[in-house]
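> Protein chains in written order, with full-length UniProt numbering: chain D, 1 to 286; chain Y, 1 to 286.
If you are wondering where the hints come from, they were derived from the structure by calculation, not from laboratory data.
Careful, some of the hints might be misleading.
One copy or two, either will do: identical chains are not told apart, so a pair holds if it fits within one copy or between any two.
Straight-line C-alpha distance at most 20 Å; calculated EDC-like pairs for lysine to aspartate or glutamate [unchecked claim]: (1) 230 to 56; (2) 267 to 197; (3) 72 to 239; (4) 145 to 204; (5) 242 to 85; (6) 242 to 93; (7) 120 to 81; (8) 242 to 219; (9) 249 to 93.
From a predicted model like this one, the values you see are computed outputs, not experimental measurements.
There are 2 protein chains.
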Amino acid sequence: MLRLFHFNKLSILSSKASTFLPLIPIPISKSVKSQMGSYSTSSSSKLLFRQLFEKESSTYTYLLADSSHPHKPALLIDPVDKTVDRDLSLIHELGLKLVYAMNTHVHADHVTGTGLIKSKISDVKSVISKASSATADLYVEQGDKIWFGDLFLEVRATPGHTLGCITYVTGDASDQPQPRMAFTGDALLIRGCGRTDFQGGSSEQLYKSVHSQIFMLPEDTLIYPAHDYKGFSVSTVGEELKYNPRLTKDEETFKNIMANLNLSYPKMIDVAVPANLVCGIQSKAS
Amino acid sequence: MLRLFHFNKLSILSSKASTFLPLIPIPISKSVKSQMGSYSTSSSSKLLFRQLFEKESSTYTYLLADSSHPHKPALLIDPVDKTVDRDLSLIHELGLKLVYAMNTHVHADHVTGTGLIKSKISDVKSVISKASSATADLYVEQGDKIWFGDLFLEVRATPGHTLGCITYVTGDASDQPQPRMAFTGDALLIRGCGRTDFQGGSSEQLYKSVHSQIFMLPEDTLIYPAHDYKGFSVSTVGEELKYNPRLTKDEETFKNIMANLNLSYPKMIDVAVPANLVCGIQSKAS
Numbered sequence: 001m002l003r004l005f006h007f008n009k010l011s012i013l014s015s016k017a018s019t020f021l022p023l024i025p026i027p028i029s030k031s032v033k034s035q036m037g038s039y040s041t042s043s044s045s046k047l048l049f050r051q052l053f054e055k056e057s058s059t060y061t062y063l064l065a066d067s068s069h070p071h072k073p074a075l076l077i078d079p080v081d082k083t084v085d086r087d088l089s090l091i092h093e094l095g096l097k098l099v100y101a102m103n104t105h106v107h108a109d110h111v112t113g114t115g116l117i118k119s120k121i122s123d124v125k126s127v128i129s130k131a132s133s134a135t136a137d138l139y140v141e142q143g144d145k146i147w148f149g150d151l152f153l154e155v156r157a158t159p160g161h162t163l164g165c166i167t168y169v170t171g172d173a174s175d176q177p178q179p180r181m182a183f184t185g186d187a188l189l190i191r192g193c194g195r196t197d198f199q200g201g202s203s204e205q206l207y208k209s210v211h212s213q214i215f216m217l218p219e220d221t222l223i224y225p226a227h228d229y230k231g232f233s234v235s236t237v238g239e240e241l242k243y244n245p246r247l248t249k250d251e252e253t254f255k256n257i258m259a260n261l262n263l264s265y266p267k268m269i270d271v272a273v274p275a276n277l278v279c280g281i282q283s284k285a286s
Numbered sequence: 001m002l003r004l005f006h007f008n009k010l011s012i013l014s015s016k017a018s019t020f021l022p023l024i025p026i027p028i029s030k031s032v033k034s035q036m037g038s039y040s041t042s043s044s045s046k047l048l049f050r051q052l053f054e055k056e057s058s059t060y061t062y063l064l065a066d067s068s069h070p071h072k073p074a075l076l077i078d079p080v081d082k083t084v085d086r087d088l089s090l091i092h093e094l095g096l097k098l099v100y101a102m103n104t105h106v107h108a109d110h111v112t113g114t115g116l117i118k119s120k121i122s123d124v125k126s127v128i129s130k131a132s133s134a135t136a137d138l139y140v141e142q143g144d145k146i147w148f149g150d151l152f153l154e155v156r157a158t159p160g161h162t163l164g165c166i167t168y169v170t171g172d173a174s175d176q177p178q179p180r181m182a183f184t185g186d187a188l189l190i191r192g193c194g195r196t197d198f199q200g201g202s203s204e205q206l207y208k209s210v211h212s213q214i215f216m217l218p219e220d221t222l223i224y225p226a227h228d229y230k231g232f233s234v235s236t237v238g239e240e241l242k243y244n245p246r247l248t249k250d251e252e253t254f255k256n257i258m259a260n261l262n263l264s265y266p267k268m269i270d271v272a273v274p275a276n277l278v279c280g281i282q283s284k285a286s
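Generate coordinates for the entire structure from the input sequences, incorporating the hints supplied.
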């Protein structure tokens, strides 16, 4: 039922997309992959990248754009409602065209900026995983590619913090940024990971997700998490493989660690999760 | 008198340096330039770079290292006392050899971590400008080069926020990082600049400093300031030339803006400045 809903939603949106996103040639097909835009080019692309911080929830928002594409298509990963004006002002100043406002998962500690962004720029498409059960314009799943100009992100399903967590990874191709970059949400944090005791969380699943989907990436892959509480901005797969105090342990030890964190109830969860299930303040019509 | 003191201090330290820093070949000569290490090589160097954040004072600390050099020599720009353990732990994990703990100026809003770092790693050398009147192991001035492995930073005098402010800029050579990176301290902030009403500040001088020393750099030069209060992590010369709300104005307008900021008295200044004049808790013997 859920799957059918998602499929129908996408079928409708695939035709919408060709109207709203003329900047990005999107061949229409039945798969999510091609609906998100799937083509390649040999032109030299250039990633414009910005890491932005929201202090109250210690959330990182990421801005990525293909600055060598004539229309400079851009996307935001994990925007926060409180910093939407800052983000859109920067996008405007840099002459970018915001195409996607994406979430790694349904956040419990802040309200996503996605809905607010859509209320300000109507042709921006919100993106979240199929498995999240949240409302969005486009749903993605394992293996999907999200193109912006000549650059793309791959989707990797990394559930465990929540059931619908995904990691966005820059493309594995010679014309894509090197080293690769992984936007891990709360699945893998720098020297840590997200809690697994709410929102369909599972320490067993998180362990498998990180080891099979993130730790298998090249060791120089840059890790950009959704949060950091100590002032770190980036890590690498190699570093986390060596120094992550939780995920370097065997699975049983990891599950024990996660079962005994004794964390307090997430203070924002009762406000943030219901809001984020509808992309912040996204209207029903969108 | 001050100049002579600095010169004598450097003369002593130049011979010390060859004892304490065996990892970096430093030809001894009379100039500060060569005392800081001045040699070149055609080997392919690789910058390891980390931006680190201290939330209370919104300070950025920068870690730079030559990761392709066998000894991985590293330096810290603007370390904060409260985050020294974090920084040294990261340096240890990355297998780096910390050589320099540097300040862009005598900070008024936090205590530098330089002294504390020296108390933990005795052969690290503290670095500050000659014009700062602060105590340090090595004093630098306009045009000096600070080598770490096969990479180097240039020193540019950018007074105005304080009399002794300097900007460190990555080298202008084909084997140095591209685009260039400018660590501007409080001289140039993202869409802003440091106040000019304390510590020998001068809006006239700041205007000249930024325009003659920073805005003349290539437009793609990355701007890494000592602080950001809105969650921005980086800008470029091109962006600030276009969008800095103060420094895009003519000099008279800029001076008027700076004279009418009506900022409150810096709450940490009476603690931080005396401490930072002696590199935090640096002992008299060092």
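> Does each hint hold? Answer for all of them.
Going down the list of hints, with the structure as the test:
no., hint, result
1, 230 to 56, "both (13 Å within a copy, 11 Å between copies)"
2, 267 to 197, "within (14 Å within a copy, 41 Å between copies)"
3, 72 to 239, "between (33 Å within a copy, 16 Å between copies)"
4, 145 to 204, "neither (27 Å within a copy, 52 Å between copies)"
5, 242 to 85, "between (38 Å within a copy, 19 Å between copies)"
6, 242 to 93, "between (40 Å within a copy, 9 Å between copies)"
7, 120 to 81, "within (12 Å within a copy, 42 Å between copies)"
8, 242 to 219, "within (10 Å within a copy, 38 Å between copies)"
9, 249 to 93, "between (45 Å within a copy, 17 Å between copies)"
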